[in-house]
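Visitor: As they're listed, the protein sequences go chains A and B.
At position 248 of the first sequence the residue is numbered 248 (my numbering), and the sequence of numbers has no breaks.
In my numbering, each residue carries its 1-based index in the second sequence increased by 1000.
If you are wondering where the hints come from, they were derived from the structure by calculation, not from laboratory data.
Built from N, CA and C at the ideal position, the CB exists for glycine as well.
Among the clues, some could well be false.
A few chain A residues facing chain B, derived, Cβ under 8 Å [unchecked claim]:
hint, residue
1, Ser278
2, Lys281
3, Leu285
4, Ala309
5, Val350
Pulled from the structure, derived: some chain A residues nowhere near chain B, Cβ distances all over 12 Å [as the list claims (entries may be wrong)]:
hint, residue
6, Val122
7, Leu132
8, Ser152
9, Met170
10, Glu171
11, Lys178
12, Val194
13, Lys212
14, Gly213
15, Asn271
16, Lys340
17, Ala347
18, Glu401
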Amino acid sequence: MIKFDKFQLSNGLRVIVHQDTSTPIACINILYDVGARDENPEQTGFAHLFEHLMFGGSINIDSYDEPLQLVGGENNAFTTNDITNYYLTLPVENLETGFWLESDRMLSLAFSDKSLEVQRSVVIEEFKQRYLNQPYGDVWLLLRPMAYKVHSYKWDTIGKEISHIENAKMEDVKNFFKKYYCPNNAIMVVAGNVKVEDVKKMAEKWFGPIPKGPDNKRNLPKEPVQTEERTLTVERNVPVDAIYKAYHMCARRDKAYYATDLISDVLSQGNSSRLHKSLIKDKKLFGDIHAYVMGDFDEGLFVISGKLADGVTMEEADAAIKIEIDKMQTELVTTDELTKVKNKMEASHVFSEVEVLNKATNLAVSELLGSADLINEEVGKYLNVTAEEIKQQAIKIFKKENCSTLYYKSKQ
Amino acid sequence: MEIIDRKLSPAFKTIDTIEMIQASEKFLTNKIPVYAINAGTQDLIKVEFLFSAGMFQQKQPLQAATVNTMLEEGTSKMNASQIADAVDYYGAFLETSVSQDHASIILYTLTKHLRTTLPIVEQVIKEASFPEQELITHLTNKKQKFMVNKQKVANVARKRFTELLFGEKHPYGINVTEDDFNRINIPLLKEFYKTFYTSNNCKVILAGKISDDVYTLLNDHFGGDDWKGNANPTIMVPPTQTTTEHKQLIFKEDALQSAIRIGKLMFNKTHKDYQSLQILNTIYGGYFGSRLMSNIREDKGYTYGIGSGLVSLNNAGYFFISTEVGVDVCANAIHEIYYEMDRLREELVTADELQLVKNYLLGTFLRSVDGPFAMAERFKGIMTYNLGYDYFTRYIATIKAISASELRELANQYFDKTSMVELVVGKK
């Protein structure tokens, strides 16, 4: 159980405070409600490039990192298709430095040309390092546009192509900032050995004067129901054939999400899971295989991906996966199996509450999903899932015409 | 509302003392030491069994790692599937891993399930049976991963680099080849297991909420004389042989980026200069604001990331710089790497930079002892070198006291570019 307090400034900034007296470290997590899904199709990769620019100095402070390091702090950030999240940890005595830095870059960036120029190169190198110069690195660049024809999940956070990053202009950067980096589009969580009253004072002092920004009503086109099986075969310079199957599933806030997530656990959580036992150990058809939900906020994807054992054909691999998903659709999971995945879920939840930063990020995400209370309600929702619900979701998801399959073949 | 000057940073405090809970030491009946960090707010526990059974102790590549993984693949009473079922059913996590010097088996569990999960770990550690079918599957899949990793420039560079530093026969340098997968067999595994996975080669580290019951349980399952081994297994280690060809290239035709590794043999954390050198390393390439990052990423945009580090091993140590850069700027990046070394040898670090790094390191230390698991990890870092908690006291004192001229002296002593081994995987 994570206790917290919640208040909102008049400019719309939502603030959540979680007191944890067991740690000398405090953290500030600021989530901006903007991700790659909000990008212009001609300027993809922008939310992520922008995340880099947030470290290039703000209107009153030349450098973001240096003053934070000077007070013993550390920070980082990440961008997903749904959100951009910034977090810092520092000795609790120096918490105000965090307020000073975060509020200044919410007020306005420095918009330095040099920073834009350098970060464009850095992100292009990131593109090469993580997507192009890695075996199987381009999988999501291929799979997303197969699964999504309309919704902006069709591109990856890094962007569709390098040229979109190369072409980013200062004008675009400024517009993006004005639209999304405003207090009413953000959620701040402060956690550690802090008092609500102190946080309130500091929040008012540093964030209160920042003007409210525009209301951004997100109005993304819904992905139409997929009605035909989609496949793509590529050949690459990799040593092993691989298969990726992406099925459309419900949104993160849908009540079917929990049963769907548990399907992935039954199939592939731990060495006792079905895919591991059956396809790796017994039939020896795969070197590794995983099933997982992407966790997207909008209607998302359930993925099964694996590397084929030597001499196994794509047809055999496909057929073997089909046997396992058929089983999910025709038979109820056993009581033991259901208890197991629920126990595992419960334990993971307890372990996730060890680190204060982890709690802060989870609180921010929960608040964006509807309410910070979700963080304490999630386990119950998983525990309530029945075997029948799991079967029903399996029937709904695992249809041929709901699936995009990428056959990733070795050229070697 | 008060008017604030946003150009002015708020007042801050420098960390003065750092409180950490020290590990307590108790012994099981058979003398296995049990170290415990009793802390935390959640009802969970981490139990780590640590054996001197790493790469350093093995006779040939893959021996130590395969034994470690195979522990979970069958015991005299349970097969792999039953072990997995039993652990997963209680929501526990069993982690096995091998490093250069150690093998480790970690159980993470809710405290209420320790009673049911610990007996499984006992089986795994004391009665592993190494079934042949499981071994074949494991080696086949592991070889597949090995083949995939061979495609990654960073991975190739990391492996080849230690080979260049230590020599191809030294246990810290030797690398797995495809053929090694055919040379592993059950007798080799059983021999290693019998020699090293014994009560007199075992240490236990606990972290989390720990009651007296935990010790009773541990003693019931691990405190007997039934798994005693040779007191001191002999290990033959060939001498270290660093390459004499200091600049090497592994050419990759289709590379978009080159992986660069530069460095040299150094020493481990028992050396008197280790802690000071850690501070110098931080300035050079050890944090986001380091000289390497500022110059090569934040000024020139050659890379997504660059860093340097000191690696401490039980019987050696080394220093390395690592990055992946666009092939077109590889030569420039290497030039800048040496330029930054020279700058530390020639110029004094400014007072501002030094103060920043000192404060940052104190903050980093504070973070690194936050929570029971983190404190246990720090403790392991001293215990495995027979160092005491005064190591940390000295570290903090060193951070506070070190001067710019001492750092320049250190740079002159250790950052000599002619002594560095330089490896590029990709294109230059």
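Visitor: Next step is simple, just say for each hint if it's right about the structure.
Guide: Hint check results:
1. Ser278: violated, 10 Å
2. Lys281: holds, 6 Å
3. Leu285: Nearest chain B Cβ about 11 Å off; hint violated.
4. Ala309: For alanine 309 of chain A, the interface hint holds, since the closest Cβ of chain B sits about 7 Å away, which is under 8 Å.
5. Val350: holds, 5 Å
6. Val122: Its Cβ does come within 12 Å of chain B, the nearest being 5 Å, so this is violated.
7. Leu132: With a cut-off of 12 Å, leucine 132 of chain A comes too close to chain B, as the shortest Cβ separation is near 5 Å.
8. Ser152: holds, 24 Å
9. Met170: Fine: 16 Å to the nearest Cβ keeps methionine 170 of chain A off the interface.
10. Glu171: holds, 21 Å
11. Lys178: holds, 19 Å
12. Val194: holds, 15 Å
13. Lys212: The claim stands: lysine 212 of chain A keeps its Cβ more than 12 Å from every Cβ of chain B (closest is about 16 Å).
14. Gly213: For glycine 213 of chain A, whose nearest Cβ neighbour in chain B is about 18 Å away, the distance exceeds 12 Å, so it holds.
15. Asn271: At roughly 4 Å from the nearest Cβ of chain B, asparagine 271 of chain A sits no farther out than 12 Å, so the non-interface label is violated.
16. Lys340: The claim is violated: lysine 340 of chain A sits with its nearest Cβ about 5 Å from chain B, within 12 Å.
17. Ala347: Violated, since 3 Å does not exceed 12 Å.
18. Glu401: holds, 32 Å
Figure legend: structure checked against the earlier numbered hints; hints not met, in rising order: 1, 3, 6, 7, 15, 16 and 17.
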